[in-house]
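Trainee: Going down the list, the protein sequences come from chains Y and P.
Read left to right, the first sequence gives residues 1 to 240 (full-length UniProt numbering).
Read left to right, the second sequence gives residues 1 to 240 (full-length UniProt numbering).
There's no promise every hint is true.
Stated by the list, open to error - Straight-line C-alpha distance at most 25 Å; calculated DSS-like pairs for lysine-lysine:
(1) Lys61(Y) <-> Lys221(Y)
(2) Lys76(P) <-> Lys38(P)
(3) Lys221(P) <-> Lys200(P)
(4) Lys76(Y) <-> Lys38(Y)
(5) Lys230(Y) <-> Lys38(Y)
(6) Lys61(P) <-> Lys221(P)
(7) Lys200(Y) <-> Lys147(Y)
(8) Lys230(Y) <-> Lys220(Y)
(9) Lys167(P) <-> Lys38(Y)
(10) Lys200(P) <-> Lys160(P)
(11) Lys76(Y) <-> Lys160(P)
(12) Lys230(Y) <-> Lys61(Y)
(13) Lys220(P) <-> Lys200(P)
(14) Lys76(Y) <-> Lys167(P)
(15) Lys148(P) <-> Lys200(P)
(16) Lys76(P) <-> Lys167(Y)
(17) Lys76(P) <-> Lys160(Y)
(18) Lys221(Y) <-> Lys200(Y)
(19) Lys148(Y) <-> Lys200(Y)
(20) Lys148(Y) <-> Lys142(P)
(21) Lys230(P) <-> Lys38(P)
(22) Lys221(Y) <-> Lys167(Y)
(23) Lys148(P) <-> Lys142(Y)
(24) Lys38(P) <-> Lys167(Y)
What the hints assert, rightly or not - Pairwise CB distance ranges (calculated):
(25) Glu113(Y) <-> Gln146(P): 39 to 49 Å
(26) Gln146(Y) <-> Thr79(P): 27 to 37 Å
(27) Ile67(Y) <-> Gly82(P): 37 to 47 Å
(28) Lys230(P) <-> Gly199(Y): 48 to 58 Å
(29) Thr224(Y) <-> Lys160(P): 35 to 45 Å
(30) Pro137(Y) <-> Asp210(P): 25 to 35 Å
(31) Thr79(Y) <-> Asp210(P): 23 to 33 Å
These are computed hints drawn from the structure, not numbers from a lab.
Cβ atoms here follow ideal geometry from the backbone N, Cα and C, with glycine treated the same way.
Protein chains: 2
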Amino acid sequence: SNERTSDNARHTNVSGGSAKQLIGMSEQEQKVQTQTFKLIYFNIGGRALATRLAFAVGNIKFTDERIEFGSWPALKPTTPFGCIPVLEVDGVPLAQSNAMLRYVGRMANLYPEDPFQAAKCDEALYALYDAGAPLSPTFRMKGEEQKKAREALLDGPLVKTIEAIEKGLQANGGEWLAGDSMSVADLSCFCFVRWLQSGKIDHIPPTLYDHLPGINALVKKVGTNAAVAKWIDEHETKKK
Amino acid sequence: SNERTSDNARHTNVSGGSAKQLIGMSEQEQKVQTQTFKLIYFNIGGRALATRLAFAVGNIKFTDERIEFGSWPALKPTTPFGCIPVLEVDGVPLAQSNAMLRYVGRMANLYPEDPFQAAKCDEALYALYDAGAPLSPTFRMKGEEQKKAREALLDGPLVKTIEAIEKGLQANGGEWLAGDSMSVADLSCFCFVRWLQSGKIDHIPPTLYDHLPGINALVKKVGTNAAVAKWIDEHETKKK
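Same shape as in the complex, but just chain Y:
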């Protein structure tokens, strides 16, 4: 069923929404209409893309503030953990990319209502987080050292974790990672796998997940979601 997905558009965010427009909405929906959201990150997808896509799928208006790498040193000490992305909600900062992804996901109907399925969604988010962690230090390496480190990851967590996620996907019926419609776990998986398959990371062959039919179908399905495709075309491909 696509109950949650078809429902996403209800959050159409109209700035200066009148009281009339707010009638018939739940308290949470009214809040989404009146809160302001500013997502601050570099002009890349990286750790902000899944949250941007959640806003887009939920049709929730937000300021997509992209900073130049040169402005980062001055901004860094003003952020909660010396890191971005940061999401400002009515001016109050929320850090940690997956905390903000889950928060926006709840507003965008991209987080399972059932507590156990919500936990399975969290499980996938943490697993994807772990899968990417050992890749980060390799971006500071060069030449043979980088090659060796990345090849070891192909033989380890980078592939094994996604294989485990494929198994979980199949156990949930093969359609979505948690629950019975698209969730933030699917968005996160889409962003991660699409990046790894891009051919843009030296020594990471774009074929590394070709043996995982469920994951590939999922990435295709998320990528052809109208709101996702539109966002990427208008805001990521051109900007990057």
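With the hints as your guide, set chain P onto chain Y.
Mentor: What follows is chain P alone, placed relative to chain Y:
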């Protein structure tokens, strides 16, 4: 206010609860009464302690299955990601320690109802997760290499992240990390800081967080919570 905290005991889990006992409970509360929970981990606190404490504070019955290190190789391939802890809910496995902590936390009234405060709780959980990550590889090191690596962490993430958490705690009024009562973020912080301050980790001085009054008060407050103190006394101190 301690609304959520004082409410925790309502989940008294009675095995074989009769239909009569279930009257007046929400669907979620009835589920907690009839579901079975088995937490599988080594006979240490580690990544399972916060979840065990959440069960204890919520007065939710669970099987606390502790395996010997020698049994792990045989068990490993049967777990979702080749890792424990795993929480079996009616026999269905849930992996990733913070996914299970959040799940149990929601049942135990240890997770903020307000979505933004829930996100601040998630933010702290992710920050604590990050703070511990660079410590893990040092357990495979020895002698001078280990000393150097750990001293570098004292000058970096291990202290800076907890300093950032202290700041967030103060911004939230100084009592709790998120919302206005104890949450799973406080339990996680308690477990982490208590371990780092234990003096049991070579080259990590137990004084490393002495300059953070809010964190120390929080750890003391969580540690003297009746359910937490009782659980640690009866199930952790003696077993370990």
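Trainee: Compare the distance between the alpha carbons of Lys221(P) and Lys200(P) with 25 Å, and conclude whether the hinted pair is satisfied.
Mentor: Distance of about 22 Å is within 25 Å: holds.
Trainee: Take a look at whether the Cβ-Cβ distance between Lys230(P) and Gly199(Y) falls inside 48 to 58 Å.
Mentor: Since Lys230(P) and Gly199(Y) have Cβ atoms about 56 Å apart, the given range 48 to 58 Å holds.
Trainee: Holds or violated: Lys200(Y) with Lys147(Y), Cα cutoff 25 Å?
Mentor: 14 Å, holds
Trainee: Could you grab the alpha-carbon distance between Lys76(Y) and Lys38(Y) and see if it respects the 25 Å cut-off?
Mentor: Holds, because 16 Å separates the two Cα atoms, which is no more than 25 Å.
Trainee: Verify the proposed pairing of Lys148(Y) with Lys142(P), using a straight-line Cα cut of 25 Å.
Mentor: 24 Å, holds
Trainee: Going straight from one Cα to the other, do Lys220(P) and Lys200(P) come out at no more than 25 Å?
Mentor: 19 Å, holds
Trainee: Please verify whether Lys230(Y) and Lys220(Y) have alpha carbons no more than 25 Å apart.
Mentor: 14 Å, holds
Trainee: For the pair we were handed, Lys76(P) and Lys167(Y), check the Cα-Cα distance against 25 Å.
Mentor: Given pair Lys76(P), Lys167(Y) holds - Cα atoms ~15 Å apart, limit 25 Å.
Trainee: Sort out whether Lys142(Y) lies within 25 Å of Lys148(P), counting only the CA atoms.
Mentor: It holds: about 24 Å lies between the C-alpha atoms, which stays within 25 Å.
Trainee: Are Lys230(Y) and Lys38(Y) close enough, with their CA atoms no more than 25 Å apart?
Mentor: 20 Å, holds
Trainee: Given the hint that Lys148(Y) pairs with Lys200(Y), test it: the Cα-Cα distance must not exceed 25 Å.
Mentor: It holds: about 17 Å lies between the C-alpha atoms, which stays within 25 Å.
Trainee: Does Lys167(Y) sit within 25 Å of Lys221(Y), going by the straight-line distance between their CA atoms?
Mentor: Holds, at roughly 18 Å.
Consistency note: the structure conflicts with none of the earlier hints.
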